[in-house]
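**Q** Based on the provided sequences and hints, a complete structural model is requested.
In the working numbering, the protein residues as written are 62 to 350.
In case anyone wonders, no lab produced these hints; they're calculated from the structure.
Predicted model only: the values in this text are computed from it and were never measured.
Think of the CB as a built atom: it goes at the ideal place given N, C-alpha and C, for glycine as much as any other residue.
Heads up, some of the hints might be wrong.
To be verified - Calculated cross-link-like contacts (lysine-lysine; reagent style DSS-like; alpha-carbon spacing at most 25 Å):
#1 Lys179 x Lys110
#2 Lys169 x Lys238
#3 Lys315 x Lys238
#4 Lys178 x Lys105
#5 Lys92 x Lys169
#6 Lys325 x Lys308
#7 Lys325 x Lys238
#8 Lys91 x Lys105
#9 Lys92 x Lys174
#10 Lys325 x Lys179
#11 Lys178 x Lys308
#12 Lys238 x Lys174
#13 Lys169 x Lys179
#14 Lys105 x Lys238
#15 Lys92 x Lys105
#16 Lys92 x Lys178
#17 Lys308 x Lys169
#18 Lys91 x Lys169
#19 Lys110 x Lys178
#20 Lys308 x Lys238
#21 Lys325 x Lys315
#22 Lys325 x Lys313
#23 Lys91 x Lys110
#24 Lys174 x Lys325
#25 Lys92 x Lys110
Said to hold, decoys possible - Here are the simulated distance ranges between beta carbons:
#26 Leu310 x Leu219: 32 to 42 Å
#27 Val81 x Ser350: 32 to 42 Å
#28 Arg68 x Val143: 17 to 27 Å
#29 Leu113 x Lys92: 17 to 27 Å
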Amino acid sequence: MQFDFFRTLDNLITASIYLVVSFLLFFIGKKIYQLVNRSFDIDKELVEKDNLAFSFANVGYYIGLVIVISAVYSGEGIGHIVDDLIEVGIYGIISIILLNVSVIISDKLILRKFSIKKEIIEDQNEGVGILEAAICIANSLVIYGVIAENQDNFLEILILWVIAQFVLILVGIVYNKITPYDIHEHIKNDNVAVGIGFSGAIIAVANLVRFGTQMEADSWIIVGENLLLETGIGLLLLPIARFLTDKILLPKRKLTDEIVNQEKPNSGVAVIEAFSYIGGSILICLSFS
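**A** So this is what it looks like as structure tokens:
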């Protein structure tokens with residue numbers, strides 16, 4: 062195959078333009094995050110107070126930002142680079158706004174029993190920081206699925222996004238029911254392990270919701286069926302994965318004992334629990350693809 066210098070140069074220039082636009086969108090997302098959280102100094106939390114809890118939350122938001130920005134590139138290109146860049150810019154900003162609104166909704170409804178800001182900024186609660194990061198990532202996965210397959214139809218994007226918010230709230234309710242302890246109380250009391258386990262559950266179901274919104278569908282009825290199917294599977298996954306973690310991954314230990322019934326909660330075991338949820342969701346997506 063003969064090397065085409067001009068074609069390669071053209072591709073390089075085009076890629077560079079898209080990269081610059083991506084960095085610009087990331088910068089806009091960062092500024093919106095600073096605006097939403099203007100009640101505290103982000104730089105001070107990171108470099109002066111060495112606030113690890115906030116670092117978790119902040120990086121989780123940045124990961125979510127990268128995911129939602131990538132969503133606008135996953136659809137079919139329009140053709141002309143100028144039109145394509147306009148589309149990327151519009152839906153990139155929409156994605157960023159939806160991400161920030163999603164996080165606010167999740168904070169108020171999923172973690173409604175305590176103040177996120179107080180736990181992360183004042184108490185430097187690492188469990189809450191990890192959970193906040195997971196909420197950012199989970200919402201970004203949902204937005205990825207909604208944006209990637211529904212560009213050019215803002216109403217569909219908005220409807221699917223609203224439905225997905227209810228699903229994530231439902232995850233918080235179901236997870237608290239399947240655990241023999243109050244997750245909110247333990248997270249508030251600085252139990253990092255509980256925060257890690259809950260984080261895995263939220264990301265796992267969000268991944269299934271993302272997959273459901275991206276499945277091929279010819280009508281709204283099929284889209285709804287796909288979303289309902291994946292949501293149902295996700296909610297069933299939580300107790301099953303928790304049971305299997307106890308019986309297979311930790312046959313000589315009880316998950317609950319390791320996480321809440323000892324003086325120092327075992328965060329390592331919580332990581333295994335979180336993995337079982339996320340790993341299970343990935344395998345389910347592969348099975349249906």
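**Q** Next step is simple, just say for each hint if it's right about the structure.
**A** Hints versus structure:
Taking the CA atoms of Lys179 and Lys110, the gap is about 15 Å. The hint holds against a cut of 25 Å. Taken as a hint, the Lys169 and Lys238 pair is honoured in the structure, with Cα atoms around 19 Å apart against an allowance of 25 Å. For the hint linking Lys315 to Lys238, the alpha-carbon distance of about 18 Å falls within 25 Å, and the restraint holds. Proposed proximity of Lys178 and Lys105 is supported: the alpha carbons are some 15 Å apart, at most 25 Å.
Distance check on the hinted pair: Lys92 and Lys169 sit about 22 Å apart at the alpha-carbon level, within 25 Å; holds. Pair hint Lys325 plus Lys308 holds up; C-alpha atoms about 22 Å apart against a cutoff of 25 Å. In summary, the hint linking Lys325 to Lys238 is supported, as the alpha carbons are separated by about 23 Å, within the 25 Å threshold. Our distance criterion of 25 Å between C-alpha atoms is met by Lys91 and Lys105, whose separation comes to about 16 Å.
Distance check on the hinted pair: Lys92 and Lys174 sit about 28 Å apart at the alpha-carbon level, beyond 25 Å; violated. A hinted pair counts as satisfied when its Cα atoms are at most 25 Å apart, and Lys325 with Lys179 qualifies at roughly 23 Å. Taken as a hint, the Lys178 and Lys308 pair is broken in the structure, with Cα atoms around 37 Å apart against an allowance of 25 Å. The hinted pair formed by Lys238 and Lys174 meets the criterion: a straight-line CA distance of about 15 Å does not exceed 25 Å.
Restraint check: the Cα-Cα separation between Lys169 and Lys179 comes to about 13 Å, which is no more than 25 Å; the hinted pair holds. Pair hint Lys105 plus Lys238 does not hold up; C-alpha atoms about 38 Å apart against a cutoff of 25 Å. Restraint check for Lys92 and Lys105: the C-alpha separation of about 16 Å stays at or below 25 Å, so the hint holds. Taking the CA atoms of Lys92 and Lys178, the gap is near 18 Å; set against the 25 Å cutoff, the hint holds.
Under the criterion of a C-alpha separation no larger than 25 Å, the hint pairing Lys308 with Lys169 is inconsistent with the structure, at around 35 Å. The hinted pair formed by Lys91 and Lys169 meets the criterion: a straight-line CA distance of about 21 Å does not exceed 25 Å. Between Lys110 and Lys178 the alpha-carbon distance is near 15 Å, which keeps this suggested pair within the 25 Å criterion. Using a Cα cut-off of 25 Å, the hinted pair Lys308 and Lys238 holds, with the two alpha carbons roughly 20 Å apart.
Our distance criterion of 25 Å between C-alpha atoms is met by Lys325 and Lys315, whose separation comes to about 15 Å. In summary, the hint linking Lys325 to Lys313 is supported, as the alpha carbons are separated by about 18 Å, within the 25 Å threshold. Straight-line distance between C-alpha atoms of Lys91 and Lys110 comes to about 20 Å, which keeps the hinted pair within the 25 Å bound. Using a Cα cut-off of 25 Å, the hinted pair Lys174 and Lys325 holds, with the two alpha carbons roughly 23 Å apart.
Our distance criterion of 25 Å between C-alpha atoms is met by Lys92 and Lys110, whose separation comes to about 21 Å. Taken as a hint, the range 32 to 42 Å holds for the pair Leu310 and Leu219, whose Cβ atoms sit roughly 40 Å apart. Judged by the Cβ atoms, the range 32 to 42 Å given for Val81 and Ser350 holds: they are separated by roughly 33 Å. A C-beta distance of roughly 20 Å is found between Arg68 and Val143, which places it inside the suggested range of 17 to 27 Å.
As the Cβ distance of Leu113 to Lys92 is approximately 24 Å, the hint placing it in 17 to 27 Å holds.
Comparing the model with each numbered hint stated earlier shows that hints 9, 11, 14, 17 do not hold.
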